[in-house]
Structure formats: C-alpha cells, structure tokens
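Q: Protein chains in written order, with the working numbering: chain D, 5 to 140; chain F, 5 to 140; chain G, 5 to 140; chain X, 5 to 140.
Simulated from the structure, these hints should not be mistaken for lab results. Be aware that a few hints might be false.
A pair counts as met if it fits within one copy or between any two copies, since identical chains are not told apart.
[Stated by the list, open to error] List of simulated lysine to any residue pairs, SDA-like, C-alpha gap at most 25 Å:
#	residue 1	residue 2
1	Lys29	Leu9
2	Lys77	Ile112
3	Lys77	Ala37
4	Lys29	Pro84
5	Lys77	Ala14
6	Lys77	Gln21
7	Lys77	Leu8
8	Lys77	Glu25
9	Lys77	Gly109
10	Lys29	Asn87
4 protein chains.
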Amino acid sequence: MSILLEQAQAAVRAAQQKALEMGVKMNIAVVDAGANLTAFARMDGAWLGSLDISIKKAKTARFFDMPTGELGKISQPGGPLFNIEHSNGGLITFPGGIPILDSNGRVIGAIGVSGSTVEDDHAVAQAGVAAVRDVR
Amino acid sequence: MSILLEQAQAAVRAAQQKALEMGVKMNIAVVDAGANLTAFARMDGAWLGSLDISIKKAKTARFFDMPTGELGKISQPGGPLFNIEHSNGGLITFPGGIPILDSNGRVIGAIGVSGSTVEDDHAVAQAGVAAVRDVR
Amino acid sequence: MSILLEQAQAAVRAAQQKALEMGVKMNIAVVDAGANLTAFARMDGAWLGSLDISIKKAKTARFFDMPTGELGKISQPGGPLFNIEHSNGGLITFPGGIPILDSNGRVIGAIGVSGSTVEDDHAVAQAGVAAVRDVR
Amino acid sequence: MSILLEQAQAAVRAAQQKALEMGVKMNIAVVDAGANLTAFARMDGAWLGSLDISIKKAKTARFFDMPTGELGKISQPGGPLFNIEHSNGGLITFPGGIPILDSNGRVIGAIGVSGSTVEDDHAVAQAGVAAVRDVR
Numbered sequence: 005m006s007i008l009l010e011q012a013q014a015a016v017r018a019a020q021q022k023a024l025e026m027g028v029k030m031n032i033a034v035v036d037a038g039a040n041l042t043a044f045a046r047m048d049g050a051w052l053g054s055l056d057i058s059i060k061k062a063k064t065a066r067f068f069d070m071p072t073g074e075l076g077k078i079s080q081p082g083g084p085l086f087n088i089e090h091s092n093g094g095l096i097t098f099p100g101g102i103p104i105l106d107s108n109g110r111v112i113g114a115i116g117v118s119g120s121t122v123e124d125d126h127a128v129a130q131a132g133v134a135a136v137r138d139v140r
Numbered sequence: 005m006s007i008l009l010e011q012a013q014a015a016v017r018a019a020q021q022k023a024l025e026m027g028v029k030m031n032i033a034v035v036d037a038g039a040n041l042t043a044f045a046r047m048d049g050a051w052l053g054s055l056d057i058s059i060k061k062a063k064t065a066r067f068f069d070m071p072t073g074e075l076g077k078i079s080q081p082g083g084p085l086f087n088i089e090h091s092n093g094g095l096i097t098f099p100g101g102i103p104i105l106d107s108n109g110r111v112i113g114a115i116g117v118s119g120s121t122v123e124d125d126h127a128v129a130q131a132g133v134a135a136v137r138d139v140r
Numbered sequence: 005m006s007i008l009l010e011q012a013q014a015a016v017r018a019a020q021q022k023a024l025e026m027g028v029k030m031n032i033a034v035v036d037a038g039a040n041l042t043a044f045a046r047m048d049g050a051w052l053g054s055l056d057i058s059i060k061k062a063k064t065a066r067f068f069d070m071p072t073g074e075l076g077k078i079s080q081p082g083g084p085l086f087n088i089e090h091s092n093g094g095l096i097t098f099p100g101g102i103p104i105l106d107s108n109g110r111v112i113g114a115i116g117v118s119g120s121t122v123e124d125d126h127a128v129a130q131a132g133v134a135a136v137r138d139v140r
Numbered sequence: 005m006s007i008l009l010e011q012a013q014a015a016v017r018a019a020q021q022k023a024l025e026m027g028v029k030m031n032i033a034v035v036d037a038g039a040n041l042t043a044f045a046r047m048d049g050a051w052l053g054s055l056d057i058s059i060k061k062a063k064t065a066r067f068f069d070m071p072t073g074e075l076g077k078i079s080q081p082g083g084p085l086f087n088i089e090h091s092n093g094g095l096i097t098f099p100g101g102i103p104i105l106d107s108n109g110r111v112i113g114a115i116g117v118s119g120s121t122v123e124d125d126h127a128v129a130q131a132g133v134a135a136v137r138d139v140r
C-alpha cells in the first residue's frame, strides 16, 4: 500500500496550518511508498534553498524508514554510516523528515519539511504526519 | 511579482478536478516566476514517468515564457532550436506546459501537466491556468 | 503488488538462456513496480555501453507501462512525444524493454535487454517475461 | 582478467543465502574489474535507499582495491582523504564493499552489500567473496 493523494494533501494542509501558527515559512513535500513526490507546497517567501532539502528529507525518511534526524546521528564523523549522504543523489540527514505509517504500522510514504530551524521543521512535519488518516 | 501559493494551489485543484471529469490520471506541477516548484499533486495511479515530465514542462514554459508545444515546433530536426532539450538539465517541449500571467500580462509562473495524450495534458493545464485569479 | 526477487531472477535466467541459444551477449535488467533495479546480469563480453541501456529500457517500460519500442514510435521528430528521452534522467525508447504483468493484468515490473540488434534484444526480453509465473 | 558472470552470480547466491540465514534483507551488487555492474539482487522488502549504496560500495571497493571500511578510516575529518566521497559520482566508505581476487591475488571485481548494520553488510559481503572460485 502507498499513501493516497487525498492523504498526502491532508498532510500538506496540516503542515501549512501549523507553520502559519508558528509564523514560519516552509517547503513541505510528501512522497509515496516508492519515494516518488506526491504532494508539495512552497509557502510564499520560504528560503529558495529549502525546496530541494524538503524533498530530499521526505525521500531520505522513506529510503530508510526512519526520521531523518535518527539517520543523522549515525552518519557523523566516526559513526558507522559516515557520509551516507553521498548516496541516492543526495540525502539530508538532519531533522524534518518523518515516515508516514498506516494503521497496521506499514510505511506508506514520508513527509519532509524545510524552512526554519530543524526543531521547527520537525514539529511541522509531525503535524503533517498526524493529519494522515486511513482512508480504506 | 510571482505567483502565490494560494494561486498555485487553486491551479492544481482546478487541474485535478478537470482530470477527474476527463477520467485521466495526471501529475500536475506549478512553478513560480523563478521556475521553482510551488505546488504539486500526483493523482493515484498516474504514470511513474510523468512525474518528472510534469515538472520539466512547467519549468520549460517559464524558462521561455511560451507554451511547451510552441517551443517543440522549433526544436525539431532542421529547426532553429534543434535539440534545445539538452539544456537546463532536460527540457520537455511537447504540449502540457503553459505560462501563467497576471492581469498586467506579466508571467508570474507556469503549470505543467503529464499523464495522458498531449492534447489531454494541455487541456488540463489550461483548466489550471484559468483558475488563477489575481489576489491583490 | 510488485515482482518478487524469485520471479525477477527467473526472468534473468530465462533471458540468459535464450541469449546463449541465439549466440548473443546481453545485459539483462529487471525492475520492480517502483522501477527499482531488482535483478541484473551482464554476460561475459557484452558491450560496455549496453549496461546502462538495459537498465534504462527496463525503467522506461515501467515508467509508461508499455514496450519501449511503442514509446519510440511516438517520440520521433514531428511525433507527439518528440524528445521525451530527456526526462527521468534519460529514457531509452527503442525495443528491448517490456512490462511484466501478473495474472490479473497488473504491471508488477519490467525487463530491459541490450547487447545486440533491437530485434534480438526484444526477443530475449520476451523470453524473460515468459518465465515469470505468479508465486502467490 | 575480470570476474565472469558465472562467478559473480555464485557470489550473489551465496550472499543471498547468508542473508537469509541471518534474517536480514540485503541489496547485493557485484562489479567486474572495470567497476561495471555484473550481477545484482535486491531481496524482497530491503530498504529502498540501500540499492544505490550497495552498487556504490562495490564500485568504491574496486576503485581503490580495498574494503570500503578501510577507505572510510582515512576519509574522516582531519584524515588524508577527507571527503573523498565527493568523487566518482559518489563513494560509500563504510563497511560492506570488498574486492574480489583471483588465485594469483589480482583484483578481478568487487562485491557491495547494503541493508542492515555495517557489520551485517560486511559479513554478507564476505560470504559472497568466499563463493568465488577460479573457473579457469
């Protein structure tokens, strides 16, 4: 199973709403189970450089089925996966990417958010994840 | 001036609605005046290969401020811009990409649609353009 | 549903066998429903340049759910999809790539073969497709 | 001399068998003396992001004729080859890639494995190497 467009758009809307409440300008990307872009929104005035980062965060979270920040902990100098970021056309391994699971705990996609501090990015991504409800 | 997210999302919604009415599954991308992705939707079951094409159509339409199909007429063998598709990381020059103008006739972005015949792609893109109204 | 490794390897083995019978040296690639490489074999002495082509043929066949040669008919100069090959990091649109379907007619992957004439490539790809049986 | 397909496939089979015994899901890539992909298998359900990593590990091991983990020791901050990962379209320098030698000690190819911890990846790669016997 993969995330449906309806679910992906709900995630983007919720993330946008959260970002507005926090007063931050975000790029928000949702990918499906195949790590293909499914829904995307770039808020007015968000950093140009964050567009690509948001998509790479979403893909990274799905590539390894874990929050991007978790991967970043083990890709540090001296860590077991040092410089894994050079794979897959470029990974982003700091917080802001989170897998999206269905009610059976299976990964159906992921969300990636970029535009503020990594704490803000992660919080907005969480709001997106929380908005995904099983449709079937 | 550049397209606002609100306008870009209106364009995506209208294009999605049009595609549903036509019974086709589309990838729909909207870029801003800087040719940066602003809003995107991938309808459930749309061709995998059309994702990249929809984004490239939107970028191509903004890169040269003309519908992609117009550029394709002059990129043919023997034409003045033969194989211009090799530039900018890959252009798509068949129909489905259309610039979006404001009420003063200035290009503020573009839409790219891919997933069916080029005629269908162009029709869905037109529905997206028509939905953009000046917000200011 | 996506092709299983067991099925993909059966396809590669059958294609290899066919190539041996025909006296040709092939690169043989099988991708899954997400267009991800699943099984691959490069026969001793096969053209170096055919490696990438075999993978691109398999991906192209899955990207658009049709044999690569069919896509090539409409990507010719003056055709509706002229120069579509510039999308998705490079497509190959001459024969040798074929979608693989399950018993319900759903595309579960694709095979791409390169190393001889396009007729030979297509024949070897067909032998691969014929070897895939439903496992479930 | 370069690895033969027969040897490369024996390496993939042995690595697959080892992974099954260990209960891990791996991507397994074998490259020849020219660092060209020769045989590949992606086990059902293996991480999406590990596909590219397995191939990059195999190439890296052949590019420098040493296990990837050895290169990683000298690519750390302050080390002599800091950030060598930026070369050759992306290297992977943590364990899981191992050169394959013939009975005369000459490098004839390499194997790269990715899908679990780097210790598991390396163990599965070793099983693959051990399965390569001189055919001539």
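Q: Would you mind marking each hint as holding or not holding in the structure?
A: Results of checking the hints against the structure:
Both within a single protomer and between protomers do Lys29 and Leu9 lie at most 25 Å apart by alpha-carbon distance, with minima of 23 Å and 11 Å respectively. In this assembly of identical chains, the alpha carbons of Lys77 and Ile112 lie at most 25 Å apart only when taken from the same copy (24 Å versus 36 Å across copies). For the homomeric pair Lys77 and Ala37, the shortest alpha-carbon distance inside one copy (24 Å) is at most 25 Å, but the shortest distance between copies (32 Å) is not. Only between protomers do Lys29 and Pro84 lie at most 25 Å apart by alpha-carbon distance; the minimum there is 18 Å, versus 34 Å within a single protomer.
Taking the shortest alpha-carbon separations for Lys77 and Ala14, neither the intra-copy value of 30 Å nor the inter-copy value of 36 Å comes in at or below 25 Å. In this homomeric assembly, Lys77 and Gln21 never come within 25 Å of each other (Cα to Cα): the closest approach is 29 Å inside a single copy and 31 Å across copies. With identical chains, the CA atoms of Lys77 and Leu8 are never at most 25 Å apart, being 31 Å at best within one copy and 33 Å at best between copies. Taking the closest pair of Cα atoms, Lys77 and Glu25 never come within 25 Å of each other, the shortest separation being 29 Å inside a single copy and 29 Å across copies.
With identical chains, the CA atoms of Lys77 and Gly109 are at most 25 Å apart within one copy only, with a shortest distance of 23 Å there and 37 Å across copies. Proximity of Lys29 and Asn87 under a CA criterion of 25 Å is satisfied inter-copy only: 22 Å between copies versus 29 Å inside one chain copy.
In summary, the numbered hints that this structure violates are 5, 6, 7, 8.
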